[in-house]
Amino acid sequence: MNNEKVLSLESLIIGYEKGGHNIPVYMPVNASGRRGELIAVIGRNGIGKSTLLRSIAGLQKPLGGTININGKEIREYSKTGLAQNLGYVSTEVVKVNNMRVYDLVSLGRFPHTNWYGKIKQSDHEVVMNCLKMTGMSALADTLITEISDGERQKAMIARVLAQDAAVMVMDEPTAFLDITSRYEIVHLMHQLAGEKGGTILFSTHDLNIAISQADKIWLMLDDDLKQGSPEDLMLEGSFDKLFTSPEVRFNTDDGTLTIKKEERGSFYVEGTGSLKYWTEKALSRAGFSITCEKTPRFIRTPSDKCGMWVLVNGNSSREYSTIYDLVRELTA
Amino acid sequence: MTEKAEIQYTGSTGKNIIIFSVLLVIASVLFLLDIFMGSVTLKMMDVFRALFTFSEPEIEMIVLKFRLPKAITATVVGIALSISGLQMQTLFRNPMAGPYVLGISSGASLGVAFIILGFSADISPENLRGMGNWSVIAAAWAGAGAVMVLMLWLSTKLKDILTVLIIGIMLAGGISAIVTIMQYFSHETMLKAYIIWTMGSLGNLTASQLNVMLLSVAAGILISLLSVKRLNALLLGENYASTIGLNVGLSRFLILTGTSILAGSITAFCGPVGFIGIAVPHITRLIFKSADHRILIPGIFLTGSSIMLLSDIVSQLPGSDNVLPVNSVTAMVGIPVVIWVVLRNRKYQGVF
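Taken in order, these protein sequences are the chains called G and X. The first sequence begins at 30 in the numbering used here and counts up by one. The second sequence begins at 934 in the numbering used here and counts up by one.
Check each hint, because a few of them may be wrong.
Only pairs whose alpha carbons sit at most 20 Å apart, straight line, appear in this in silico PhoX-like list of lysine-lysine [said to hold, decoys possible]: (1) G/Lys289 <-> G/Lys323; (2) X/Lys1162 <-> X/Lys1090; (3) G/Lys108 <-> G/Lys161; (4) G/Lys255 <-> G/Lys161; (5) G/Lys255 <-> G/Lys289; (6) G/Lys147 <-> X/Lys948; (7) G/Lys149 <-> X/Lys1162; (8) X/Lys1090 <-> G/Lys47; (9) X/Lys1090 <-> G/Lys124; (10) G/Lys305 <-> G/Lys323; (11) X/Lys1162 <-> G/Lys90; (12) G/Lys34 <-> G/Lys101; (13) X/Lys948 <-> X/Lys1125; (14) G/Lys101 <-> G/Lys90; (15) G/Lys90 <-> X/Lys998; (16) G/Lys323 <-> G/Lys310; (17) G/Lys47 <-> G/Lys108; (18) G/Lys161 <-> G/Lys34; (19) G/Lys149 <-> G/Lys161; (20) G/Lys147 <-> X/Lys1162; (21) G/Lys108 <-> G/Lys90; (22) G/Lys124 <-> G/Lys101; (23) G/Lys124 <-> X/Lys1222; (24) G/Lys289 <-> G/Lys34; (25) X/Lys1092 <-> G/Lys47; (26) X/Lys998 <-> G/Lys108; (27) G/Lys305 <-> G/Lys334; (28) G/Lys108 <-> X/Lys1222; (29) X/Lys998 <-> X/Lys976.
Here chain X is said to cover these stretches of chain G; the calculated rule only asks that three of the stretch's residues, wherever they fall, bring their Cβ under 8 Å from a Cβ of chain X [to be verified]: (30) 84 to 96; (31) 144 to 150; (32) 259 to 273.
Partial list, computed: chain G residues near chain X (C-beta under 8 Å) [unchecked claim]: (33) Lys108; (34) Leu111; (35) Ala112; (36) Ala195; (37) Ala311; (38) Ser313.
For the record, the hints were derived by calculation from the structure and aren't laboratory data. In this text, a Cβ means the ideal position worked out from N, Cα and C, and glycines have one as well.
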């Protein structure tokens, strides 16, 4: 695979102009992406993720610095030329009555068709192929007002694929979607970046998705933008800086988040498998810490799914039929 | 499944050809019917003879000097207003937009009000009755043109297209207020002449006026035809349209210019004919079940002209010497459609 930088930002200053003054929203950005990479942009609300993505997509004029796509500054491209190299999808929902999925996707051919927008046989083949890649072939003839939000977002991705651009910028493509569609779409993006050799830059608030799926992360922290593989950033401790509040803690060991609770004491859980795992999970959610050594007060998980949870306290013991009852009793 | 869909997908070209043919027949029949109807009862054969060969000079005069220009005017008005309405609905992504949302008809009415109400002392009301007077046409055109230039300038300054829409509506309101004040202080006969102008009329155009109108409408239609691809892209909204390679500023300029020429010319020659511009695009979308302007614009040539011809036929009140104001008839055709669109939109929550 080609190793050149398809996308590179140099000292890019993003922001807006107000009353003749330039108001930057973030420090100068230096970042890059190579062919075939799925890059996640992460940062807190209001840090400027959308502004950054909109600037790259050419929707907002940068205040300074350069954005290079395929080695050329975006301002040197013609409108059509830029669209042939860069596509964009956002959370903005397109709802037009009487428009079919096929029509929507074929609009992606806009920078490739003539003045009249004629869809030639070759364009038709590209559109059908993009529908196939996104699993939307069967819905080609369905109105876009009659499909689900997740399907519509897939159609929008098919449209941007039909644009045949090397770089695809997606601003929170999975927001407003249910968990299933969210994973489907990220999986699709991952596939597309790999198979088609495109570079996909997407912003998300879902750390789990970003860490597990992205090849690279642009982490927008308050003092700087860090880029690297999720694992490198994890080991550097960069993710910790996302969470300035003392109540939320990021576990660098497994990449999960915990919300700090008042300490209620520690428990030992006796048992095996998923019963032990989920019991421990419930206890730590309730603010107890889990220990590996047997304590005088401990919990014995049931041996099978019909059994009872036993809270042993010295010589006395009580039984509970669900984890819910157990936790309620402990926290009461 | 996907393989099959790939082979089966052919679009709806075949179906559209049938719809186009049917609409063409309907439009042609209505066109002939419109010539046939009027205060003087003509025989069908006489009309055909007058149109294609020759017949008695009297009948020939009625058909060629009055009925034919009127039918042509109705056709052109229907097409021009519907195309500008379609363009405004797409540009503003608003189903309630029409040819006059930019304040064009208000501008025209201000121009006409200045001529009819303002200088009433110098011009006798007989000269100004209704349309067909070059000074009225020129005044209407100047008023519409002034509003158009203002709105075009604003549209290049303003980022959000909805702001343009709001300013257009506000401007229209402001101008109507001025016109109302002028009406309040004007003489009765002048007031009636002005009111009649606002009711719209398809008759009363001389051959030379019809030619000027045809030429300017042709220019507006040419601009619209050149904008079909842009209009399709704008269905996605200006942001997406821009990222698929559309020059949004140039497109706004082209579309607003085309609309202004179309709506401005029609208003200058026929008065502010209402509702056609809002209703016909919806009817056309419904008939073709499409949002594609490559289909809708040619489709509107047939639907727009048919509905305007039908309105004109109804306004003749078959079997009577009276002619209803054309605006009342178009309103009666248009309002049910607009209500239907509103009710339907609540269900789909789509843009159109």
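Right, here's what the structure says about each hint:
Using a Cα cut-off of 20 Å, the hinted pair G/Lys289 and G/Lys323 is violated, with the two alpha carbons roughly 24 Å apart. Distance check on the hinted pair: X/Lys1162 and X/Lys1090 sit about 24 Å apart at the alpha-carbon level, beyond 20 Å; violated. As the CA atoms of G/Lys108 and G/Lys161 are separated by approximately 28 Å, the hinted pair breaks the 20 Å bound. Distance restraint check for G/Lys255 and G/Lys161: the Cα-Cα separation of roughly 36 Å exceeds the 20 Å cut-off, and the hinted pair is therefore not satisfied.
Under the criterion of a C-alpha separation no larger than 20 Å, the hint pairing G/Lys255 with G/Lys289 is inconsistent with the structure, at around 26 Å. For the suggested pair G/Lys147 and X/Lys948, the alpha carbons sit about 18 Å apart, so the restraint of at most 20 Å is met. The straight-line distance between the Cα atoms of G/Lys149 and X/Lys1162 is roughly 14 Å, inside the 20 Å bound, and the hint therefore holds. A C-alpha spacing of about 14 Å is found between X/Lys1090 and G/Lys47, which places the hinted pair at or below 20 Å, so the restraint holds.
Of the supplied pair hints, the one linking X/Lys1090 and G/Lys124 is violated, its CA atoms being roughly 27 Å apart against a limit of 20 Å. Note on G/Lys305 and G/Lys323: the hinted pairing holds, with a Cα-Cα distance of about 14 Å set against a maximum of 20 Å. Only pairs whose Cα atoms come within 20 Å are accepted, and X/Lys1162 paired with G/Lys90 is rejected, the gap being roughly 25 Å. Of the supplied pair hints, the one linking G/Lys34 and G/Lys101 holds, its CA atoms being roughly 11 Å apart against a limit of 20 Å.
Between X/Lys948 and X/Lys1125 the alpha-carbon distance is near 49 Å, which puts this suggested pair outside the 20 Å criterion. The straight-line distance between the Cα atoms of G/Lys101 and G/Lys90 is roughly 16 Å, inside the 20 Å bound, and the hint therefore holds. As the CA atoms of G/Lys90 and X/Lys998 are separated by approximately 59 Å, the hinted pair breaks the 20 Å bound. For the given pair, G/Lys323 sits about 18 Å from G/Lys310 by alpha-carbon distance, which is consistent with the 20 Å threshold.
Taking the CA atoms of G/Lys47 and G/Lys108, the gap is about 25 Å. The hint is violated against a cut of 20 Å. Annotation: proposed proximity of G/Lys161 to G/Lys34 is violated, straight-line Cα distance about 29 Å (limit 20 Å). The straight-line distance between the Cα atoms of G/Lys149 and G/Lys161 is roughly 18 Å, inside the 20 Å bound, and the hint therefore holds. With a C-alpha separation of about 9 Å, the suggested pairing of G/Lys147 with X/Lys1162 holds against the 20 Å cut-off.
With a CA separation close to 14 Å, the supplied pair G/Lys108 and G/Lys90 stays within the 20 Å bound. Restraint check: the Cα-Cα separation between G/Lys124 and G/Lys101 comes to about 34 Å, which exceeds 20 Å; the hinted pair is violated. For the suggested pair G/Lys124 and X/Lys1222, the alpha carbons sit about 15 Å apart, so the restraint of at most 20 Å is met. A hinted pair counts as satisfied when its Cα atoms are at most 20 Å apart, and G/Lys289 with G/Lys34 does not qualify at roughly 41 Å.
The hinted pair formed by X/Lys1092 and G/Lys47 meets the criterion: a straight-line CA distance of about 13 Å does not exceed 20 Å. The hinted pair formed by X/Lys998 and G/Lys108 fails the criterion: a straight-line CA distance of about 51 Å is larger than 20 Å. A C-alpha spacing of about 12 Å is found between G/Lys305 and G/Lys334, which places the hinted pair at or below 20 Å, so the restraint holds. With a C-alpha separation of about 31 Å, the suggested pairing of G/Lys108 with X/Lys1222 is violated against the 20 Å cut-off.
With a CA separation close to 17 Å, the supplied pair X/Lys998 and X/Lys976 stays within the 20 Å bound. Coverage of the stretch 84 to 96 of chain G by chain X holds [criterion: at least 3 residues with CB-CB distance below 8 Å; count 3]. Remark: the stretch 144 to 150 of chain G is confirmed as covered by chain X, as 3 of its residues place a Cβ nearer than 8 Å to a Cβ of that chain, reaching the required three. Counting residues of the stretch 259 to 273 of chain G whose C-beta lies closer than 8 Å to any C-beta of chain X gives 0; at least three are required, and the coverage claim is violated.
For G/Lys108, the interface hint holds, the least distance from its beta-carbon to any beta-carbon of chain X being 5 Å, beneath 8 Å. Checking G/Leu111 against chain X: minimum C-beta separation of about 7 Å stays under 8 Å; hint holds. A distance limit of 8 Å between C-beta atoms decides the matter here; for G/Ala112 the minimum to chain X is near 3 Å, and the interface restraint holds. With a least beta-carbon distance of about 14 Å to chain X, the hint placing G/Ala195 at the interface is violated under the 8 Å criterion.
A distance limit of 8 Å between C-beta atoms decides the matter here; for G/Ala311 the minimum to chain X is near 41 Å, and the interface restraint is violated. With a cut of 8 Å, the hint placing G/Ser313 at the interface with chain X is violated, because the nearest CB-to-CB distance is about 43 Å.
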